[in-house]
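Number of protein chains: 2
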Amino acid sequence: MTALVSQGHDVVTFDNLSRGDVRNLEAAIATGRCRFVEVDCADLDAFKAAIRAALSGQRGRAIWHLAANSDIPAGVADPQIDLRDTFLTTFNALLAMREFAIPEFHFASSSAVYGDFGDLEIAENTGPCQPISNYGAMKLASEGQICAALESCGRRASIFRFPNVVGAPATHGAIFDFINKLRVDKSHLPVLGDGTQQKAYLHVDDLISAMLFIAKAGQSKINLYNIGPRDAGVTVRFIAECVRDVVAPNAEIIYGRGDRGWVGDIPRFRYAIDRLAKLGWEPTLSSDAAVRRAVRDIAAAVAP
Amino acid sequence: MTALVSQGHDVVTFDNLSRGDVRNLEAAIATGRCRFVEVDCADLDAFKAAIRAALSGQRGRAIWHLAANSDIPAGVADPQIDLRDTFLTTFNALLAMREFAIPEFHFASSSAVYGDFGDLEIAENTGPCQPISNYGAMKLASEGQICAALESCGRRASIFRFPNVVGAPATHGAIFDFINKLRVDKSHLPVLGDGTQQKAYLHVDDLISAMLFIAKAGQSKINLYNIGPRDAGVTVRFIAECVRDVVAPNAEIIYGRGDRGWVGDIPRFRYAIDRLAKLGWEPTLSSDAAVRRAVRDIAAAVAP
Chain A
-6 MTALVSQGHD VVTFDNLSRG DVRNLEAAIA TGRCRFVEVD CADLDAFKAA IRAALSGQRG
54 RAIWHLAANS DIPAGVADPQ IDLRDTFLTT FNALLAMREF AIPEFHFASS SAVYGDFGDL
114 EIAENTGPCQ PISNYGAMKL ASEGQICAAL ESCGRRASIF RFPNVVGAPA THGAIFDFIN
174 KLRVDKSHLP VLGDGTQQKA YLHVDDLISA MLFIAKAGQS KINLYNIGPR DAGVTVRFIA
234 ECVRDVVAPN AEIIYGRGDR GWVGDIPRFR YAIDRLAKLG WEPTLSSDAA VRRAVRDIAA
294 AVAP
Chain B
-6 MTALVSQGHD VVTFDNLSRG DVRNLEAAIA TGRCRFVEVD CADLDAFKAA IRAALSGQRG
54 RAIWHLAANS DIPAGVADPQ IDLRDTFLTT FNALLAMREF AIPEFHFASS SAVYGDFGDL
114 EIAENTGPCQ PISNYGAMKL ASEGQICAAL ESCGRRASIF RFPNVVGAPA THGAIFDFIN
174 KLRVDKSHLP VLGDGTQQKA YLHVDDLISA MLFIAKAGQS KINLYNIGPR DAGVTVRFIA
234 ECVRDVVAPN AEIIYGRGDR GWVGDIPRFR YAIDRLAKLG WEPTLSSDAA VRRAVRDIAA
294 AVAP
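In the order they appear, the protein sequences are chains A and B. Counting along the first sequence from 1, when you hit position 130 you're at 123 in my numbering, and nothing is skipped either side. Counting along the second sequence from 1, when you hit position 144 you're at 137 in my numbering, and nothing is skipped either side.
I should point out that these hints are in silico values taken from the structure, not numbers from a laboratory. Hints are not guaranteed to be accurate.
Facing chain B, from chain A, some residues (calculated, C-beta under 8 Å) [stated by the list, open to error]:
hint, residue
1, A47
2, Q51
3, P72
4, N118
5, G120
6, P121
7, N127
8, A134
9, G137
10, A141
11, C146
12, T277
13, S279
14, D281
Each pair of labels, with its calculated beta carbon distance range [claimed, not checked]:
hint, chain 1, residue 1, chain 2, residue 2, range
15, B, R28, A, D3, 58 to 64 Å
16, B, E31, A, C146, 34 to 40 Å
17, A, L113, B, R250, 53 to 59 Å
18, B, E31, A, A70, 50 to 56 Å
19, B, R91, A, L113, 27 to 33 Å
20, A, L113, B, A225, 36 to 42 Å
21, A, L10, B, T(-5), 23 to 29 Å
22, A, Q51, B, I246, 48 to 54 Å
23, B, D281, A, Q51, 53 to 59 Å
24, B, R148, A, V177, 50 to 56 Å
Built from N, CA and C at the ideal position, the CB exists for glycine as well.
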């Protein structure tokens, strides 16, 4: 939102604050060009009423739909969470796009739509998508519903397939968890799985840059892009060691067993971003640089 | 259901009868091995209560989930119809699979998950899936949810990607529409679109045969198969002429404009079924033979 405000747009943010924090919008709100409305986007009537009030007769230009349940294990334990927070929010935002004749829809999807392709490098046309978490399933469902909706309303949509993203402020993820564990016990860092899981990580600043780029440059009806770094990623062991070095250099890292930390976790992951490179965007940070910077920033933010 | 009963299984059928007709189950029910329960599968509490009552302590062996909204234009006009009847029925059936520890899940998906790939021959790994109807979107959503659910419950699932299916009894579709139009006006047959749309059609008897085959032979966790004839299909013109020849040989066929009959219609469609052939199944009827037989059977069934 802050980035959209910086580009000169007026922005209204709708969120139920189940995982968000309105303090993250303070800088944007201070500009006078960003408003915040607390509403549950999964409640269609409330959501539409909130949009109607916010627009007050003006024409909306674009919906940026970033809301979702971000706690994948919670969604595995109770599929209703992802149904409501990850899918019905999309479904309702598309109904709002139709009702308020909003021409653009930009959507935060996820590499979780793909499922486990092992060592295969995953491109946008890799299939079949067989997500292994309810989160990934409801992101895939959202993508499908966007494509269908664009047949009868809206002018164009972006679908951003996020990789693992790191940066501050963090609410979850390996870096956040490791830092919090070491705050409690400075001598031991227990790690889920054997540490060999390897994934690509993108810094949140690069992610925002990529989304703004695609939203502007992608002029197809459906603009579907993997977003990620160009490298093959880093291991959980690398992340654990980064966190240890910054937070508690003398801590012992204790690994678990197996190459999956939890149901819905994918041990290896290779992501093709050639399509986005061809459109003209490149990340500024590799996975290791993104993780190093995120560890510093998150550790500073959660300093005791 | 009748086919499952013929194979010696005890079957309980759950349906809200919004588009079905319990008379289609008469032969199966007469065997004493098939029961029918009227319930809305999109109503989780009612659906689970109905399953619990039907099982009465016994262990369920498999869920065959065939319920969906089959009126694609209705779903385009009101996306809530496909959300409820096509997706939430799947979502709830998967929750039932978990709750009642049912090991198998067999699902009627659709070629509509793919969207419009033009002249490309579509295989199971063709992507990205970009459905152009809410029906297709909610079938894709169902597939994703099945894959995710199988991570934590169930032993294996089949996903049958149906082609266009023809045969009696029919409740919708080009053949059914054309016959009914000619019943009303024996001299003219108006056709949506210019008649050049070409699609593959499978006879319903072949479809049932393929599903039973995959359910038995597919021993992966997720068994995803395109089901269809081997040919490139027949045109709407061919179907219109078949119907005219059987129902009203002197009628004039009047074509519309454009190569799409309605939103969500795909003008051309080529379907690869090599994967299913490799598993060991082949259709007995080509598209033209399937259409000819279906025209005869449906015309006989709806005879005035």
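How the hints compare with the structure:
1. Nearest Cβ of chain B to the Cβ of A47 of chain A: about 23 Å, over the 8 Å cut. The hint is violated.
2. About 25 Å separates the beta-carbon of Q51 of chain A from the nearest beta-carbon of chain B, more than 8 Å, and the hint is not met.
3. Contact between P72 of chain A and chain B, as hinted, is supported at the beta carbon level, the nearest pair being about 7 Å apart and thus within 8 Å.
4. This hint holds: N118 of chain A has a C-beta 5 Å from the nearest C-beta of chain B, less than the 8 Å allowed.
5. Hint on G120 of chain A holds. Least Cβ distance to chain B is approximately 3 Å, under the 8 Å limit.
6. Nearest Cβ of chain B to the Cβ of P121 of chain A: about 6 Å, under the 8 Å cut. The hint holds.
7. Checking N127 of chain A against chain B: minimum C-beta separation of about 5 Å stays under 8 Å; hint holds.
8. Because the smallest distance between the Cβ of A134 of chain A and any Cβ of chain B comes to about 3 Å, under 8 Å, the interface hint for this residue holds.
9. Restraint check, G137 of chain A versus chain B: the minimum CB separation of about 4 Å is within 8 Å; hint holds.
10. The interface hint given for A141 of chain A holds, since its Cβ lies 4 Å from the closest Cβ of chain B, which is under the 8 Å cut-off.
11. The restraint placing C146 of chain A at the interface with chain B is violated, with a minimum CB-CB distance near 10 Å, outside the 8 Å limit.
12. Below 8 Å, beta-carbon pairs count as interface contacts, and T277 of chain A has none with chain B, the closest being about 27 Å; its hint is therefore violated.
13. Of the supplied interface hints, the one on S279 of chain A is violated, with its beta-carbon coming no nearer than about 26 Å to a beta-carbon of chain B, more than 8 Å.
14. Contact between D281 of chain A and chain B, as hinted, is not supported at the beta carbon level, the nearest pair being about 29 Å apart and thus beyond 8 Å.
15. Between R28 of chain B and D3 of chain A the beta carbons are some 60 Å apart, a value that agrees with the proposed interval 58 to 64 Å.
16. At about 35 Å, the beta-carbon gap between E31 of chain B and C146 of chain A stays in the expected band of 34 to 40 Å.
17. For the pair L113 of chain A and R250 of chain B, the supplied restraint of 53 to 59 Å is violated, since their beta-carbon distance comes to about 44 Å.
18. Between E31 of chain B and A70 of chain A the Cβ separation comes to about 32 Å, which falls outside the hinted range of 50 to 56 Å.
19. At roughly 30 Å, the beta carbons of R91 of chain B and L113 of chain A sit within the given window of 27 to 33 Å.
20. The given range of 36 to 42 Å is broken by L113 of chain A and A225 of chain B, whose C-beta atoms sit roughly 30 Å from each other.
21. Checking the proposed 23 to 29 Å range against L10 of chain A and T(-5) of chain B shows it is violated: the Cβ atoms sit about 53 Å from each other.
22. Between Q51 of chain A and I246 of chain B the beta carbon distance is about 50 Å. The supplied range of 48 to 54 Å therefore holds.
23. At about 56 Å, the CB distance of D281 of chain B to Q51 of chain A agrees with the hint of 53 to 59 Å.
24. A beta carbon spacing of about 40 Å between R148 of chain B and V177 of chain A contradicts the range 50 to 56 Å that was offered as a hint.
Of the numbered hints listed earlier, those contradicted by the structure are 1, 2, 11, 12, 13, 14, 17, 18, 20, 21, 24.
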